[in-house]
Amino acid sequence: MSAIREVKYLQEMQHPNVIELIDIFMAYDNLNLVLEFLPTDLEVVIKDKSILFTPADIKAWMLMTLRGVYHCHRNFILHRDLKPNNLLFSPDGQIKVADFGLARAIPAPHEILTSNVVTRWYRAPELLFGAKHYTSAIDIWSVGVIFAELMLRIPYLPGQNDVDQMEVTFRALGTPTDRAWPEVSSFTSYNKLQIYPPPSRDELRKRFIAASEYALDFMCGMLTMNPQKRWNAIECLESDYFKELPPPSDPSTIKIRS
Amino acid sequence: MPSTFETQLFFSRPFLSKRQIQRAHKNTISDYRNYNQKKLAVFKFLSDLCVQLKFPRKTLETAVYFYQRYHLFNRFETELCYTVATSCLTLSCKEVETIKKANEICTLSLHLRNVVKINTEILENFKKRVFQIELRILESCSFDYRVNNYVHIDEYVIKIGRELSFDYKLCKLAWLIAYDALKLETVLVIPQHSIALAILRIAYELLDNKNWSSKRYSLFESDENSVNEAYFDILNFYINFFDLCDLQHHLPEGVPPVSIDRFMVLKKNAGPEFGLQQVTDHELDADPYITISRENTVQERRYVLSMDLINGESNSVHSTKQV
Chain A
1 MSAIREVKYL QEMQHPNVIE LIDIFMAYDN LNLVLEFLPT DLEVVIKDKS ILFTPADIKA
61 WMLMTLRGVY HCHRNFILHR DLKPNNLLFS PDGQIKVADF GLARAIPAPH EILTSNVVTR
121 WYRAPELLFG AKHYTSAIDI WSVGVIFAEL MLRIPYLPGQ NDVDQMEVTF RALGTPTDRA
181 WPEVSSFTSY NKLQIYPPPS RDELRKRFIA ASEYALDFMC GMLTMNPQKR WNAIECLESD
241 YFKELPPPSD PSTIKIRS
Chain B
1 MPSTFETQLF FSRPFLSKRQ IQRAHKNTIS DYRNYNQKKL AVFKFLSDLC VQLKFPRKTL
61 ETAVYFYQRY HLFNRFETEL CYTVATSCLT LSCKEVETIK KANEICTLSL HLRNVVKINT
121 EILENFKKRV FQIELRILES CSFDYRVNNY VHIDEYVIKI GRELSFDYKL CKLAWLIAYD
181 ALKLETVLVI PQHSIALAIL RIAYELLDNK NWSSKRYSLF ESDENSVNEA YFDILNFYIN
241 FFDLCDLQHH LPEGVPPVSI DRFMVLKKNA GPEFGLQQVT DHELDADPYI TISRENTVQE
301 RRYVLSMDLI NGESNSVHST KQV
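First to last, the sequence lines map onto chains A and B.
Under full-length UniProt numbering, the first residue of the first sequence carries the number 1, and numbering increases by one thereafter.
Under full-length UniProt numbering, the first residue of the second sequence carries the number 1, and numbering increases by one thereafter.
Chain A extracted, bound-state conformation (with noise of 0.2 Å):
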């Protein structure tokens, strides 16, 4: 089933931040799908502490990385699987959005989706709570959570297991209520939550260090618990955090190895 959402959504899209399908081939009685060389990832970055990188080139990252989310979302796909793991660099630097294997297009209203996609680290609460309706919101979800870990190159919400994950998300960036997200509550396993704020302004402060005013809303936009608040591709894409200083560095002279 993988193997025909790998080929059935990279068929059709052709961006620099989407990972190229270039062939596809039966040899010997086997399917063989040729796709993009691409010889790093972004979690070899973050996890390798010999590599240094700056607000810049983290700024140019996330831009590439949105650009590709962007073009699956206005072709009307969703990714269900971003995390550093699944975005690859080329040798020119360049991010692409590659693993489309539990990408799906977005469905009729009517349809009944399952909930149990997307790496737990990086599931968006509206897909915690198991709901059966979601939109491109939890892809935008996946890339505020890794847009967190470059800044802190540790993983921002690493639950041990799916309650744990429930507990680690709404302790970060408190449990979400009615009123800001209408009948949240009615989500079976609410009850049984622990009820925590919302972190304050000056908590997100003390733990992204680095960051600035604007590189915070960008992030408090991706991670908005109501998924019909959460920003979208182009809000991200057409935020201040983009506009300020530094700018995004150019791919090509980011340094990924050590």
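What the hints contain is simulated information worked out from the structure, not anything from laboratory work.
Take the hints with a grain of salt, since some may be wrong.
[As the list claims (entries may be wrong)] In silico PhoX-like cross-links for lysine-lysine, where the CA-CA straight-line distance does not exceed 25 Å: (1) B:Lys210 <-> B:Lys172; (2) A:Lys49 <-> A:Lys206; (3) B:Lys128 <-> B:Lys100; (4) B:Lys94 <-> B:Lys44; (5) B:Lys100 <-> A:Lys132; (6) B:Lys101 <-> A:Lys132; (7) B:Lys54 <-> B:Lys127; (8) B:Lys54 <-> A:Lys132; (9) B:Lys267 <-> B:Lys172; (10) B:Lys54 <-> B:Lys128; (11) A:Lys255 <-> A:Lys49; (12) B:Lys94 <-> A:Lys132.
Nothing here was measured: the structure is a model prediction, and the numbers come from that model.
Starting from the known structure of chain A, arrange chain B on it as the hints suggest.
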């Protein structure tokens, strides 16, 4: 080790003309009458499966497309047609995102074929065969996912019907005609949105509406030749095989009864039959895509969607030869 390495390169063609289909069938079907009879039985079988598994019409439509596409390049009767049909349905589920467990589909498939004792071994062997055929089906479609992905006849009947301000009764009638249309080869010839337009025209005229000619096909990314091709295909089906149609037994309330005569009147009013331009005999014979029998013995078979890749390949072969 063989000293040569065989490879084939195909440019995907998701739709073929009727003559191209006939030519491709020459390689795969020896008894066309038998194929057609089996196809109708398979259509009923797939419909039953879809009803019991609560699949929407698009799942059936895609399975029917796959079944017919498979037999363009794979010999009919080398596989049990019901096994092929089950493969088409499992693949169709994946294509249109109506996911069901293969176990459930295969068990029901065996049940509907009156296999009495279904044990684990029978089921596993059946599933294995079903999965093997899936790859053949995909290959017969050149791994081209551009069709059957977003556009489906029943959905576009409603969408276009609404856009043209047609009422519920007309759209429902069209939706019922769309079921009969799946019994034809039209899905291999004409894109689904054009078929939807042709069906809407038939429903419109069956309800005694006039002035269809004022509808502009270009608004729906279609053209007169494509819509006419589907329109006459469906009318001819009702005229020549009226007994096979389901429409006669399922007319919506308030729709006058349908008969062969009724469809003959529509055809008469439509004027001379015309549709897509057919290819010449010479072009047919010179087209390896449909004339070469696909034995699947070629070691490497590549499928591309862009002519640029073929041209690039061709240029590189030529330059290598010159060197």
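Verification of the supplied hints:
1. B:Lys210 <-> B:Lys172: Satisfied, since the Cα-Cα distance of roughly 19 Å is no more than 25 Å.
2. A:Lys49 <-> A:Lys206: Holds, at about 22 Å.
3. B:Lys128 <-> B:Lys100: Holds - the C-alpha atoms of B:Lys100 and B:Lys128 are around 16 Å apart, at most 25 Å.
4. B:Lys94 <-> B:Lys44: Roughly 21 Å separates the two Cα atoms, so the pair holds.
5. B:Lys100 <-> A:Lys132: Holds. B:Lys100 to A:Lys132 sits at ~16 Å (cutoff 25 Å).
6. B:Lys101 <-> A:Lys132: Holds, at roughly 18 Å.
7. B:Lys54 <-> B:Lys127: Given pair B:Lys54, B:Lys127 holds - Cα atoms ~21 Å apart, limit 25 Å.
8. B:Lys54 <-> A:Lys132: holds (18 Å)
9. B:Lys267 <-> B:Lys172: At roughly 22 Å apart (the allowed maximum being 25 Å), B:Lys172 and B:Lys267 satisfy the hint.
10. B:Lys54 <-> B:Lys128: holds (24 Å)
11. A:Lys255 <-> A:Lys49: holds (13 Å)
12. B:Lys94 <-> A:Lys132: Holds, at about 18 Å.
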